[in-house]
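A.B. asks: Here is what each chain is made of, one letter per residue.
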Amino acid sequence: MSEVYGSWWWPYVMILVAGFLATECWRWIGVFASGKLREDSLLFAWVRAVATALIAGIIARLVLFPEGVLGDVPVWLRLAAVASGVVGYKLLNDRLMAGIISAEFVLIGGWAFLI
Amino acid sequence: MTSSDMDIDEGEDPSEFEGGAYWFRQGAKGAFCLPTLILMMAFVGFTSLAREVGLTLTEVLLMSLFMWALPSIVVLTGAMSAGAGLISAAIAVALSAVRLMPMTVALMPVLRDGKRTKTWHMLIVSHFVAVTAWVFAMRNLPSMPRAARLPFFAGFGSTVHFVVLCSTALSYMVLPAVEGPIAAGLVLLTPIYFMFSMYQASRTSGDKAALILGLILGPVFYHFFPGADLLLTGFVGGTVAFVGWLFATRRAEL
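Those protein sequences? They're chains E and A, same order as listed. The first sequence: position 49 = 49 (UniProt numbering), numbered continuously. The second sequence: position 105 = 105 (UniProt numbering), numbered continuously.
Incorrect hints may appear among the rest.
[What the hints assert, rightly or not] The calculated DSSO-like cross-link candidates involving lysine-lysine, where the alpha carbons are at most 30 Å apart (straight line), are: (1) E:36 <-> A:115; (2) A:118 <-> A:29; (3) A:115 <-> E:90; (4) A:115 <-> A:29; (5) E:90 <-> A:29; (6) A:208 <-> E:36; (7) E:90 <-> A:118.
Hints in this document: simulated from the structure, not taken from any laboratory. These numbers come from a predicted model, not from an experiment.
Generate the whole structure from the sequences, applying the supplied hints.
C.D. replies: Below, the structure is given as structure tokens:
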């Protein structure tokens, strides 16, 4: 087994099978599953809501249970950064950049202050 | 590249050909925008992680090219650095990529131009489905003529893909390892950007409710049902938001 893991082509097999096939198949299934789904149908509105909630789940996971460098930052600081992002976004009339900059400012500034 | 093939394929009618090429270029121009810049920065954060765990430049670029979904790329990087087997890595990545399915299902009716759109065109452009392009498309395509949507999306998607691949290669070779607060900031970019752009792309109050429910239910399900948490969050959060929206807006009809 260790010979297989150590060989030069192993990472490429991983990327092709565990990377490409494992992600791309969902897109292909999505194309076929969409079939004759119409943009103005209720089913479409439901699918959109499911996709939105799923991405929201990923957002929450990336903020609350991150791996690596962001995981070293205390959870209260991460939440404070997100909260100030929301405040900045709303204060400056739903401006995307305002939300991002205020969140990043609190996170980077706060973490630099703490360590 | 793939999309210019498409234009030639539709080229029997010269005006159609012109139209497709024109909208493809418009999409390519549209790619030079804030979301692309944020995605580039997020990939810079990823190259820093990839170098840390010892991935080569070729591996980083192949992952970006073939997978084109940052959260799944991070999952595969983790699996490869931990020396996970092929099957367990594939399952972990597949679970993290499930979201691409409902996203594609939701995008296709917007992209499709009746019977004139061929399935293999849809299969090719579906590769560009990832949060950045999805949000951009759901926000901008509905106001365009139907015939313009697929070439525009192909132009946008391929340009963003190309630009991000270039900047990823450059940052892997040139940038020193990013550390400390800045590195943490780069990792936070992805969820923060996802959150605000999803909010902007939401069309109905049902979509907004789904976003908020997902943010709350995600951690709860992660705690109680790790592994199936994202699917549960999507189905439960999305369905509750949808039903609530249906009752709120169509009470008279029900």
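A.B. asks: Each hint: holds or not?
C.D. replies: Hints versus structure:
{"no.": "1", "hint": "E:36 <-> A:115", "in the structure": "holds (10 Å)"}
{"no.": "2", "hint": "A:118 <-> A:29", "in the structure": "holds (25 Å)"}
{"no.": "3", "hint": "A:115 <-> E:90", "in the structure": "violated (42 Å)"}
{"no.": "4", "hint": "A:115 <-> A:29", "in the structure": "holds (28 Å)"}
{"no.": "5", "hint": "E:90 <-> A:29", "in the structure": "holds (29 Å)"}
{"no.": "6", "hint": "A:208 <-> E:36", "in the structure": "holds (26 Å)"}
{"no.": "7", "hint": "E:90 <-> A:118", "in the structure": "violated (42 Å)"}
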